[in-house]
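Chemist: Based on the sequences and whatever the hints tell you, model everything.
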Amino acid sequence: MDLSTPIQGLRHLLVGRTFAFYVLASFVVIGASTLLLIVYRLFLHPLSRFPGPLPAKVTGLWRSKKYVDGNWHADVVELHEKYGRIVRIAPNELSIVDEHAMKNLYGHGHNARKTDWYSVWDPAGTAPQLFSELDKKQHAFLRKRLAGAYSMSSVLRYEKYIQVVLDLLLYRLKAKAEAGEVVDMAVWTNAFAFDTVGELGYGSQLGHLWTEKDVGGLRKTIFDAFFVLSNLGHFPGQARILQNPLMEKLQTFMGAPPTFSRFRDWTAEQIRKRLQTIETTKRDDLLTHFCRMKAADGGPAAFEAILIEAMNLIGAGADTTSIGMRACLHYLALNPEAYRETQRAVDKYYEDKSLDRPIKYNETQEIPYLVAVIKEATRIFPSIVFQLLRHAPKDFEVRGKSIPAGTPVGISPISQNRDKDIWGPDANEFRPERWLQGEARTKYLDTSSMTFGGNGPRMCIGRNIALVELHKFLAQFMRNFDFEYVDKSKPWRVTTYWFAYQHDQHMRITFRKNRSIREVTSMEAE
1 MDLSTPIQGL RHLLVGRTFA FYVLASFVVI GASTLLLIVY RLFLHPLSRF
51 PGPLPAKVTG LWRSKKYVDG NWHADVVELH EKYGRIVRIA PNELSIVDEH
101 AMKNLYGHGH NARKTDWYSV WDPAGTAPQL FSELDKKQHA FLRKRLAGAY
151 SMSSVLRYEK YIQVVLDLLL YRLKAKAEAG EVVDMAVWTN AFAFDTVGEL
201 GYGSQLGHLW TEKDVGGLRK TIFDAFFVLS NLGHFPGQAR ILQNPLMEKL
251 QTFMGAPPTF SRFRDWTAEQ IRKRLQTIET TKRDDLLTHF CRMKAADGGP
301 AAFEAILIEA MNLIGAGADT TSIGMRACLH YLALNPEAYR ETQRAVDKYY
351 EDKSLDRPIK YNETQEIPYL VAVIKEATRI FPSIVFQLLR HAPKDFEVRG
401 KSIPAGTPVG ISPISQNRDK DIWGPDANEF RPERWLQGEA RTKYLDTSSM
451 TFGGNGPRMC IGRNIALVEL HKFLAQFMRN FDFEYVDKSK PWRVTTYWFA
501 YQHDQHMRIT FRKNRSIREV TSMEAE
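Its first residue numbered 1, the sequence shown is counted upward by one per residue in the UniProt record's numbering.
In short, the hints are calculated from the structure, not lab data. Where hints are given, some of them may not hold.
Said to hold, decoys possible - The calculated lysine-lysine pairs, modelled on DSSO-like cross-linking and capped at a C-alpha distance of 27 Å, are:
1) K401 x K420
2) K160 x K137
3) K472 x K82
4) K174 x K220
5) K420 x K174
6) K401 x K82
7) K160 x K401
8) K472 x K443
9) K220 x K472
10) K472 x K213
11) K294 x K360
12) K160 x K213
13) K65 x K490
14) K472 x K420
15) K82 x K65
Modeler: Spelled out as structure tokens, the structure:
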């Protein structure tokens, strides 16, 4: 038999073999390939020199499992404490902590390109959006046309709408306090934040505070969406499946409630109503600004562009704020001295100014200790804890260690905000006084913090709304109430899916003597 050519030799080897042989051969090939891949990733991969958990170096499933577990707020801090400033958390991904790297990745003039992880956040049937836009020029255009709506001067014009919702929250809590009920502040702060963005972005509250319910299951829908999308971002192909309109029909057929589609349709209806009166409306809020946006060619923005911005306000704006509110209450409840000093400072301001009305945001900025408490609470427990992923730029280094260009790298805000090189040996401790050590030190800490979704041109555009809500809420809440945990040993439960959500924040609240809160008899809106 002529076996002079490789093809003929291979043919001779395979002819007459049994099915079992082919199955066994397949397993051998797969096993050998897997072994070679493992060896490559452990010893030959460009990132093999960086430390990290052994399973993470071999497969991205380790990272995905950690994300799904929902404990990343603690995991990522422990990883950097154990392995240092650069940790390999997947075969092709690094988590880093460094103030200089932060500015090179996210800072003005140095911001690196976002990874494809963000593309999963584009809902079907909408336009390009600020959060997920990868192109820098398009991102700059989108941010510029929204900047006016979210500027501090604009937010202060919306402050009266925020106060309307805050009045209702305090009125409801007063009733609970007088009835001696234990309150779950995780629920109440979340309801307040959702109703506030409803007031600002849709022209009316959503009814969460008024009905004391999750209206339409919206809050649960947003939570579930973040669980799916934040984990799905590492599998872009699956994103296209979920975003397919047929998938929504399949979910409905299988009995899943079409809450998200109802939310989208309801949002679209609110936009259509506002567009009908956009030339005559006197209401100055975010929805009015969205409806008056321009496209790149100078014409009116597409309906889909308005829709995505209105939906983003709900999806991102509510949880960011309420997480900060809960963090402030948490650390004050666990630190009696800071609690007393904050309340004393607020009371003194009210009395010195003879305030007989709710305090305004600009006035809260005249209470240094209150401002320091909010900065410290949101530093030690920021709303976002997943890495803000970027492709490493050319010549990118972390403390002299070169990282290959194009490598997906990111900084977790909670890790950055606990870096002892920046914050000192007590970085993991709640100490508001660190923000009161002089103007130069405070400015340095401000530029080193990653509290509201990053740093530089990609920082959360809605941070001013969050700041106004946070300061007004904490000042007015502490002016009118005393509060404590029901069980300090179990203050809350945290699950992390992009945001670090706190649950079960059960507190006893007491309405303070000689205080008054405006009676609210309806959901008010102008």
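Chemist: Please work out if K472 and K443 have their alpha carbons no farther apart than 27 Å.
Modeler: Since the Cα atoms of K472 and K443 sit roughly 23 Å apart, the hinted pair holds (cutoff 27 Å).
Chemist: For K401 and K420, compute the direct alpha-carbon distance and say whether it is at most 27 Å.
Modeler: Holds: K401 and K420 sit about 19 Å apart, inside 27 Å.
Chemist: Has the given pair, K82 with K65, been kept, meaning a C-alpha gap of at most 27 Å?
Modeler: holds (19 Å)
Chemist: Tell me if the straight-line CA distance from K160 to K401 falls inside 27 Å.
Modeler: violated (51 Å)
Chemist: Tell me if the straight-line CA distance from K220 to K472 falls inside 27 Å.
Modeler: holds (26 Å)
Chemist: So if I understand the rule, the pair passes when the alpha-carbon distance is 27 Å or less; does K160 with K213 pass?
Modeler: Holds, at roughly 24 Å.
Chemist: Does K137 lie within 27 Å of K160 when you go C-alpha to C-alpha?
Modeler: Since the Cα atoms of K160 and K137 sit roughly 35 Å apart, the hinted pair is violated (cutoff 27 Å).
Chemist: Given the hint that K401 pairs with K82, test it: the Cα-Cα distance must not exceed 27 Å.
Modeler: Given that 27 Å is the threshold and the Cα spacing comes to 18 Å, the pair holds.
Chemist: Could you grab the alpha-carbon distance between K65 and K490 and see if it respects the 27 Å cut-off?
Modeler: Since the Cα atoms of K65 and K490 sit roughly 25 Å apart, the hinted pair holds (cutoff 27 Å).
Chemist: Could you grab the alpha-carbon distance between K420 and K174 and see if it respects the 27 Å cut-off?
Modeler: Judged against 27 Å, a Cα distance of about 41 Å means the pair is violated.
Chemist: For the pair supplied as a hint, K472 and K213, is the alpha-carbon distance within the 27 Å limit?
Modeler: holds (24 Å)
Chemist: Can the restraint linking K294 and K360 be considered satisfied, given a maximum Cα separation of 27 Å?
Modeler: violated (32 Å)
Consistency with the previously given hints fails for numbers 2, 3, 5, 7, 11, 14, ordered from lowest to highest.
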